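Participant: So the sequences go chain by chain: F and C. Numbering-wise (this note's numbering), the first sequence opens with residue 1 and increments by one. Numbering-wise (this note's numbering), the second sequence opens with residue 308 and increments by one.
Hints are computed from structural coordinates only; laboratory data are not their basis. Not one of these hints is a red herring.
Chain F side only, calculated, beta carbon under 7 Å to chain C, not exhaustive:
| no. | residue |
| --- | --- |
| 1 | Ser14 |
| 2 | Ile52 |
| 3 | Tyr77 |
| 4 | Glu81 |
| 5 | Gly83 |
| 6 | Tyr85 |
| 7 | Lys86 |
| 8 | Tyr96 |
| 9 | Met99 |
Here are the simulated BS3-like cross-link-like pairs (lysine-lysine), alpha carbons at most 30 Å apart as the crow flies:
| no. | chain 1 | residue 1 | chain 2 | residue 2 |
| --- | --- | --- | --- | --- |
| 10 | F | Lys206 | C | Lys746 |
| 11 | C | Lys326 | F | Lys128 |
| 12 | C | Lys391 | C | Lys356 |
| 13 | C | Lys310 | F | Lys87 |
| 14 | F | Lys87 | C | Lys533 |
| 15 | C | Lys325 | F | Lys128 |
| 16 | F | Lys206 | C | Lys533 |
| 17 | F | Lys17 | C | Lys746 |
| 18 | C | Lys726 | F | Lys66 |
| 19 | F | Lys134 | F | Lys179 |
| 20 | C | Lys325 | F | Lys127 |
| 21 | F | Lys68 | F | Lys17 |
| 22 | F | Lys178 | F | Lys208 |
| 23 | C | Lys326 | C | Lys310 |
| 24 | F | Lys149 | C | Lys533 |
| 25 | F | Lys208 | C | Lys746 |
| 26 | F | Lys87 | C | Lys726 |
| 27 | F | Lys87 | C | Lys325 |
| 28 | F | Lys17 | C | Lys742 |
| 29 | F | Lys89 | C | Lys533 |
| 30 | F | Lys206 | C | Lys738 |
Small disclaimer: the values here were computed from a predicted structure and weren't measured. Where a beta carbon is used, it is the ideal one built from N, C-alpha and C, also for glycine.
As a plain string of letters, each chain reads:
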Amino acid sequence: MDLFSAQEVSKSYSDFKALSDVSISVPAGTVFGLLGPNGAGKTTLIRIINQITAPDSGSIWFHDRKMKADDIYRIGYLPEERGLYKKMKVGEQALYLGMLKGLSRRDAMRELKIWFEKFEIISWWDKKVMELSKGMQQKVQFICTVLHKPELMIFDEPFSGFDPINTEIMKHEILRMKKEGATIIFSTHNMESVEELCDHIALIDKSKKILDGPTLDIREKYKSNIFDVFYKGDFSKIEKELTGKYSILEHVETGRTNSLKIQFLNGSTSGALIRDLVEHVEIVSFNELIPSMNEVFIKVVTQNSKS
Amino acid sequence: MSKIGLVLTREYTTRIRKKSFIVMTLLMPALMAAMFILPSYFMSQDDTKERTIAVYDGSTILLGQLESTNYTKFKFIPKEDYDKIKDHLKNSEFYALLVIQPNVLTTKTVQLISASNIPFDLKYQVQNKINTIIEKEKMAEVIKKAAIPDLEDQIKATKTSISISTIKLGESGEAKKSSTEIGMILGYVFGFVIYMFILLYGQMVMQGVMEEKQSRIVEVIISSVKPFELMMGKIIGIAMVGLTQLAIWIVLGIVIITSARGLMPAAQHAGTAQDIVAQSQMAAQASAPEQLDKIQDVLSMLGSVNFPLIIGCFIFFFVGGYLLYSSLFAAVGSAVDAQEDAQQFMMPIMLPIIFAILVMMSAIKNPEGPVAFWFSIIPLTSPIVMMARIPFGVPAWQLILSMVILVITFVGMVWAAGKIYRTGILMYGKKTSWKELGKWLTYKS
Numbered sequence: 001m002d003l004f005s006a007q008e009v010s011k012s013y014s015d016f017k018a019l020s021d022v023s024i025s026v027p028a029g030t031v032f033g034l035l036g037p038n039g040a041g042k043t044t045l046i047r048i049i050n051q052i053t054a055p056d057s058g059s060i061w062f063h064d065r066k067m068k069a070d071d072i073y074r075i076g077y078l079p080e081e082r083g084l085y086k087k088m089k090v091g092e093q094a095l096y097l098g099m100l101k102g103l104s105r106r107d108a109m110r111e112l113k114i115w116f117e118k119f120e121i122i123s124w125w126d127k128k129v130m131e132l133s134k135g136m137q138q139k140v141q142f143i144c145t146v147l148h149k150p151e152l153m154i155f156d157e158p159f160s161g162f163d164p165i166n167t168e169i170m171k172h173e174i175l176r177m178k179k180e181g182a183t184i185i186f187s188t189h190n191m192e193s194v195e196e197l198c199d200h201i202a203l204i205d206k207s208k209k210i211l212d213g214p215t216l217d218i219r220e221k222y223k224s225n226i227f228d229v230f231y232k233g234d235f236s237k238i239e240k241e242l243t244g245k246y247s248i249l250e251h252v253e254t255g256r257t258n259s260l261k262i263q264f265l266n267g268s269t270s271g272a273l274i275r276d277l278v279e280h281v282e283i284v285s286f287n288e289l290i291p292s293m294n295e296v297f298i299k300v301v302t303q304n305s306k307s
Numbered sequence: 308m309s310k311i312g313l314v315l316t317r318e319y320t321t322r323i324r325k326k327s328f329i330v331m332t333l334l335m336p337a338l339m340a341a342m343f344i345l346p347s348y349f350m351s352q353d354d355t356k357e358r359t360i361a362v363y364d365g366s367t368i369l370l371g372q373l374e375s376t377n378y379t380k381f382k383f384i385p386k387e388d389y390d391k392i393k394d395h396l397k398n399s400e401f402y403a404l405l406v407i408q409p410n411v412l413t414t415k416t417v418q419l420i421s422a423s424n425i426p427f428d429l430k431y432q433v434q435n436k437i438n439t440i441i442e443k444e445k446m447a448e449v450i451k452k453a454a455i456p457d458l459e460d461q462i463k464a465t466k467t468s469i470s471i472s473t474i475k476l477g478e479s480g481e482a483k484k485s486s487t488e489i490g491m492i493l494g495y496v497f498g499f500v501i502y503m504f505i506l507l508y509g510q511m512v513m514q515g516v517m518e519e520k521q522s523r524i525v526e527v528i529i530s531s532v533k534p535f536e537l538m539m540g541k542i543i544g545i546a547m548v549g550l551t552q553l554a555i556w557i558v559l560g561i562v563i564i565t566s567a568r569g570l571m572p573a574a575q576h577a578g579t580a581q582d583i584v585a586q587s588q589m590a591a592q593a594s595a596p597e598q599l600d601k602i603q604d605v606l607s608m609l610g611s612v613n614f615p616l617i618i619g620c621f622i623f624f625f626v627g628g629y630l631l632y633s634s635l636f637a638a639v640g641s642a643v644d645a646q647e648d649a650q651q652f653m654m655p656i657m658l659p660i661i662f663a664i665l666v667m668m669s670a671i672k673n674p675e676g677p678v679a680f681w682f683s684i685i686p687l688t689s690p691i692v693m694m695a696r697i698p699f700g701v702p703a704w705q706l707i708l709s710m711v712i713l714v715i716t717f718v719g720m721v722w723a724a725g726k727i728y729r730t731g732i733l734m735y736g737k738k739t740s741w742k743e744l745g746k747w748l749t750y751k752s
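Take the sequences, apply the hints, and build the full model.
Facilitator: In C-alpha cells:
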C-alpha cells in the first residue's frame with residue numbers, strides 16, 4: 001500500500017518550469033530516496049508535499065485519498081534551509097514548534113522530555129539557541145521534526161552539520177522509526193547513505209522524473225556484466241582462453257594473488273566464466289560488480305543531459 | 308489554540324519579556340518628562356555671569372537712568388574715557404561698550420560693542436531698558452505739552468487684552484463652545500501617536516520577518532502554518548505589544564501627573580483626570596478666582612469635545628493605518644536577504660508616513676483646507692491627517708469616505724503583501740527587484 005503518492009504533478013514559476021508531470025509512489029513503512037542534481041525540482045516537490053505551495057496540475061494522495069489540509073499534522077519536515085530562533089530558549093522553542101504541529105502543550109512536553117533524555121541534552125533546555133553549536137542545533141531541529149510522531153517524515157539533507165558519530169545516531173533513529181512504521185522521504189546528495197537507507201528511489205532531473213524503483217533493482221539494472229576475479233596462477237594460462245569471449249578491462253599481477261576485471265562480450269553467463277577460469281587457475285574470489293548509486297546517478301544524469 | 312493564536316502568543320510573549328522592551332517602556336515616560344521639564348528648567352536658570360557695560364551716552368537722554376541689575380552693571384563714562392576705551396576694549400575691565408549717538412532718536416540705533424559674543428538675553432535686556440526709558444521720556448514730553456490732567460492714567464487705561472472664545476455651530480444649529488487650542492493639542496497628540504506607532508512597530512514587523520528569513524526557520528514554520536497566518540500572527544502580536552506599551556505609558560503618565568500635582572502646593576484638591584488636564588493647562592494662571600473661572604471654561608470646552616467619537620476613530624485609524632503599513636513592511640522584510648537591501652524598498656513606504664506628519668502640522672492649523680481634506684481621504688496619509696482633523700469636527704460623509712477607502716486599501720494591501728511574503732520568504736540569494744515583486748503577485752499559491 002502506498003502511504004503517499006503524487007500523480008502527474010506540474011508546477012511552474014512564471015516561465016520557469018520546476019516540475020513537469022512527476023509521479024512518485026512511496027510505499028508505507030519504507031525509506032524513499034528522492035534524488036536529483038541541484039535545481040532539478042526536488043525542493044519544489046517536497047514543498048508541494050508539505051502544502052507550502054500547490055501544484056499547477058496533478059494530484060497528491062495520502063492514504064489512498066486526496067491529501068487534505070489537516071494531513072500536515074501527520075507530516076514532519078526537516079528542510080534543507082533550516083534554523084531556529086536564535087534568541088529563544090531551546091525548550092520553549094521546541095515546545096512552540098511541537099504545538100504548531102498540533103500537539104497539546106502537555107503532550108509536547110512529555111515527548112520532548114523523552115527525546116531530550118534519550119539524547120542526554122536536558123541541560124540545554126534553558127539555553128538560548130545561539131549558545132549551541134551547529135551540530136547541537138541540528139539535533140534539536142531533528143527532535144522538533146519528529147516530535148509529533150508523524151506518519152510521513154521528510155528529511156532534506158538531514159546529516160549535514162553532524163559529525164560521524166552523531167550521523168550514526170541519526171541513521172539509527174531513522175531506521176528505528178521506520179521499523180516502528182514511519183514512512184520516510186529522504187533527499188540527499190550523499191549516495192552512500194542512499195544505498196544504506198533507501199528501499200526505493202526516484203531520480204528527478206530538469207523538472208522530470210527520469211528513474212524510479214527499488215534501490216537494489218535499479219543498481220541491478222545498471223550493472224554492465226563486469227566481474228571482479230581474484231585468483232592464484234599465471235595470467236598467460238587464461239589469457240588465450242578468455243580473449244574473444246570476454247573483454248579484459250584490467251589485470252593486475254602482484255605475484256601471489258592476481259586480479260582481473262572482466263566484462264562479458266555477448267550473452268555469456270557467470271557460470272561459463274567460472275568454468276573457463278577454474279580449469280587453469282585457482283579462484284580466490286569472484287564478484288559481480290554492481291554499480292554504486294553514485295555511478296548510477298552520474299550515468300543517468302549525464303545521459304539525460306545529452307539527450 | 309489556533310495556529311494564528313500560537314504565532315501571535317509567541318510574538319507577544321518573547322517581545323514583552325525582552326529587556327529592551329521593559330527598559331524602554333519604563334524609561335520612555337521619564338525621557339518624555341525630562342524633555343518637557345529640562346528645557347524649562349534650563350530656561351529658568353538665570354545668566355549669573357557678572358558683566359559691566361560701559362555706556363557712552365552722546366545724546367544724554369539715558370544719562371544715569373540705566374539701572375544695573377544683579378549681574379549686569381552699567382557704568383556711564385565721559386567722552387575722554389570713551390575715546391580711550393574704544394580701541395582697547397579687550398584689555399579693559401568692561402565686558403562691552405554701549406554707544407549712544409547724539410542723534411539716537413532719529414537713527415533709532417545704538418551700538419553694543421564687545422570682544423565676545425553677546426548673549427541674546429543680554430542684548431534683549433539692554434534693548435528693552437533703552438526702549439522703556441525713551442518711551443517714558445517721550446510720553447512725559449507729550450503729557451507736558453498736552454497739559455491734560457490724568458492723561459497718563461487715561462492712556463494706561465487704553466491697554467486692552469481680549470480673549471476669544473470660539474463657538475462652533477453643530478449640525479442641528481445648537482451652539483457649542485469649542486476650543487481651538489484643545490482641538491490642536493488633541494489632534495497633534497493623536498496624529499503623532501499613530502505616526503510613532505506605525506513607524507516603530509511597522510519596522511519591528513519588518514525586522515521580525517527578516518529574522519525568520521535569515522535564521523532559516525521560516526520553512527520549518529510554514530510547513531505547519533500558512534504563510535498568511537504566520538504574517539498576520541506576527542502583525543497582530545506586535546500590535547498587541549505596542550498597545551501594551553501604550554497602555555503602560557498612559558497609566559504611568561496619569562500616575563506621574565497625579566503625584567506631580569500632589570507635590571504642587573497651589574492646587575491641593577485632588578481631581579479627576581479631566582481636572583488634571585484642565586489644571587495643567589491653567590498652571591500658569593496666578594489669581595485664584597480667575598483660575599477657577601478658566602478651569603470651568605476648559606472643562607466646558609472639554610465637554611464639547613466628542614470623546615467617544617474621537618477615541619472610536621482613534622482606534623479605527625490606529626488599527627487601519629498600522630495594518631496597512633505593517634503589511635507593507637512585512638512584504639519588504641520577506642523580499643530581502645539583508646538589512647542593507649531593505650533600504651531601497653523602505654524609502655517609498657517611509658515617504659508617505661513622513662509626508663503625512665508634515666501635512667498634519669498644517670492640518671491642525673487649518674483643518675478644513677483643501678490640503679487637509681485631500682490627505683485625510685488618501686489612505687496612505689489618512690490615518691494621521693484625519694486624526695488631526697477629528698477633534699475640530701469633520702463632516703460625517705468625509706469621515707465615512709475616508710474610513711471606507713482605508714478599509715478597502717488595507718484589505719487589498721494585506722492581500723498583496725501576503726502574496727509577496729509567501730514567495731519572498733522562501734527566496735534566498737537573489738537580489739529582488741521591483742519587477743520581481745510584481746511577478747510574485749501573479750504566482751499561484
